[in-house]
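Q: Listed here are the chains, written in short residue letters.
Number of protein chains: 2
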Amino acid sequence: MKTKTKPAATEIIAATLRDEILGGRLPAGQRLTEMELAQRFGASRAAVRPVIQQLAMQGLLVCKTNCGAAVAPEAPKAIRDLIVPIRRTIEAYALQLIFSELGPADFQRWEETLARMKAACERQDLHTVAECDLAFHRAILERASQGDLLVIWEALVGRLRSHFRRTQRQLTRLMDIYDEHRELLEAFRGSDEDAALRSLKAKIA
Amino acid sequence: MKTKTKPAATEIIAATLRDEILGGRLPAGQRLTEMELAQRFGASRAAVRPVIQQLAMQGLLVCKTNCGAAVAPEAPKAIRDLIVPIRRTIEAYALQLIFSELGPADFQRWEETLARMKAACERQDLHTVAECDLAFHRAILERASQGDLLVIWEALVGRLRSHFRRTQRQLTRLMDIYDEHRELLEAFRGSDEDAALRSLKAKIA
DNA sequence: GAGCCTGCGATTGTCTACAATCGGCCAGCG
DNA sequence: CGCTGGCCGATTGTAGACAATCGCAGGCTC
Numbered sequence: 005m006k007t008k009t010k011p012a013a014t015e016i017i018a019a020t021l022r023d024e025i026l027g028g029r030l031p032a033g034q035r036l037t038e039m040e041l042a043q044r045f046g047a048s049r050a051a052v053r054p055v056i057q058q059l060a061m062q063g064l065l066v067c068k069t070n071c072g073a074a075v076a077p078e079a080p081k082a083i084r085d086l087i088v089p090i091r092r093t094i095e096a097y098a099l100q101l102i103f104s105e106l107g108p109a110d111f112q113r114w115e116e117t118l119a120r121m122k123a124a125c126e127r128q129d130l131h132t133v134a135e136c137d138l139a140f141h142r143a144i145l146e147r148a149s150q151g152d153l154l155v156i157w158e159a160l161v162g163r164l165r166s167h168f169r170r171t172q173r174q175l176t177r178l179m180d181i182y183d184e185h186r187e188l189l190e191a192f193r194g195s196d197e198d199a200a201l202r203s204l205k206a207k208i209a
Numbered sequence: 005m006k007t008k009t010k011p012a013a014t015e016i017i018a019a020t021l022r023d024e025i026l027g028g029r030l031p032a033g034q035r036l037t038e039m040e041l042a043q044r045f046g047a048s049r050a051a052v053r054p055v056i057q058q059l060a061m062q063g064l065l066v067c068k069t070n071c072g073a074a075v076a077p078e079a080p081k082a083i084r085d086l087i088v089p090i091r092r093t094i095e096a097y098a099l100q101l102i103f104s105e106l107g108p109a110d111f112q113r114w115e116e117t118l119a120r121m122k123a124a125c126e127r128q129d130l131h132t133v134a135e136c137d138l139a140f141h142r143a144i145l146e147r148a149s150q151g152d153l154l155v156i157w158e159a160l161v162g163r164l165r166s167h168f169r170r171t172q173r174q175l176t177r178l179m180d181i182y183d184e185h186r187e188l189l190e191a192f193r194g195s196d197e198d199a200a201l202r203s204l205k206a207k208i209a
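Sequences listed follow chains A and B, in order. Going by the working numbering, the first sequence opens with residue 5, and the numbers climb by one from there. Going by the working numbering, the second sequence opens with residue 5, and the numbers climb by one from there.
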């Protein structure tokens, strides 16, 4: 055996594809067939099938029956405008749930994400920056242990791809993204819950 | 052949199970194994597997690895309080999208749902009333042809099960539910969009 | 008597093969 | 020359079998 035929087989594939799509490495419209994915990950179609369905429900892929799946485009602006505030509400709620319980282990996790993001900013690696951006926010929900909210959040973010309107920015200001998240983390460390909540909401565009 | 090996095989199973769970025919905690479902619908495990995954992401089922799926309980109150207004926002947005385009065919569809609901109220069939209630609201989103919103709405409603707090009501007032939806439909027929939107929001508890 | 370990049953995870379906191309006809 | 019909490749949908994993019961040890 190579690694682990454990129940994580499909999960690894799902996480990999998800990051590639959200990070922009796989362009919208890119076609993905079950066969291709199965070969790429050294698995069978049965293994990648649940992944495709999952990503489709998260808005990352669009499936046409008997015609293969493709990386979904960003949702139309009207939809985005509708679900951005929803995302704000959910993340703020999760943060409020956990704010008083946050400890060193939590901050350490965010620090690691920020370190990765900083390095990516310095080498102008837009894809990794976007990935870290999402990981930072996702960590809030995972920490809250609210599986239901996480599922809903994934469905929202998969359609927003908000992190890529930042592509418009000049790459020289990429470090701004890092700075913003650094501020957020410091607010998490502080004792002013309301201030942290306000900062978080403000950062979600 | 028995029925139809058409592409609707899994869709029929999904719709059937969804209605049974949302209608309350399958109680929370009820265990469902792939084998049982496959036998019940005369299909193979491969056919019911996508259904289970889909319903799990919609919050109707909870899956434990290698241990089977079970009908999920309603989400905790804090979560419900968070997502009720979200649902209100989404349905109102969809209604606003389609309000000016509504025609006889649309009203006819709602009339049929209401007819079913009325009959169910008269024979005190709580399950069917709940099912029609959801169908009435779902029709708004389907009419808007916003697949993304429908997916999100499903994920919300699956966790709310709001329609079952009405179980608390005395069965003698079941017809109130019908009356409320009748009012809604008449508002849809009218020309006052704002009034219709307000009515819709008011009805979503 | 309590705790751990082993063995077993049940269930899902994965794989391979087959069937049904869709889109596009090409021939044939008007 | 345009259109319609049917064929063909590609892709997913479905099926059944095998393997890996989990929970639990029973017995053993301390």
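A few of these clues could be false.
Treat identical chains as interchangeable: a pair holds within one or across any two.
With a straight-line Cα cutoff of 30 Å, these simulated DSSO-like cross-link-like pairs (lysine-lysine) come out [claimed, not checked]:
| id | residue 1 | residue 2 |
| --- | --- | --- |
| 1 | K81 | K207 |
| 2 | K68 | K205 |
| 3 | K207 | K68 |
| 4 | K122 | K68 |
| 5 | K81 | K205 |
| 6 | K122 | K207 |
Derived by calculation from the structure, the hints in this document are not laboratory data.
Q: Quick one: K81 to K207, C-alpha cut-off 30 Å, is that within a copy, between copies, both, or neither?
A: Both: 19 Å inside a chain and 28 Å across chains, each within 30 Å.
Q: Using 30 Å as the alpha carbon limit, work out where K122 and K207 are close: within a copy, between copies, both or neither.
A: Classified as within: same-chain Cα gap 17 Å, cross-chain 48 Å, threshold 30 Å.
Q: Treating 30 Å as the Cα threshold, decide for K207 and K68: within, between, both or neither.
A: So K207 and K68 fail the 30 Å test inside a copy (35 Å) and across (35 Å) alike.
Q: For K122 and K68, with the copy left unspecified, which applies at a CA distance of at most 30 Å: within, between, both, or neither?
A: Neither way: K122 and K68 sit 39 Å apart in one copy and 37 Å across, limit 30 Å.
Q: For the identical chains here, do K68 and K205 meet the 30 Å Cα criterion within one copy, between copies, both, or neither?
A: For K68 and K205, the Cα distance exceeds 30 Å both inside one copy (36 Å) and across copies (34 Å).
Q: State whether the alpha carbon distance between K81 and K205 is at most 30 Å within one copy, between copies, both, or neither.
A: both (19 Å within a copy, 23 Å between copies)
The structure shown violates the earlier hints numbered 2, 3 and 4.
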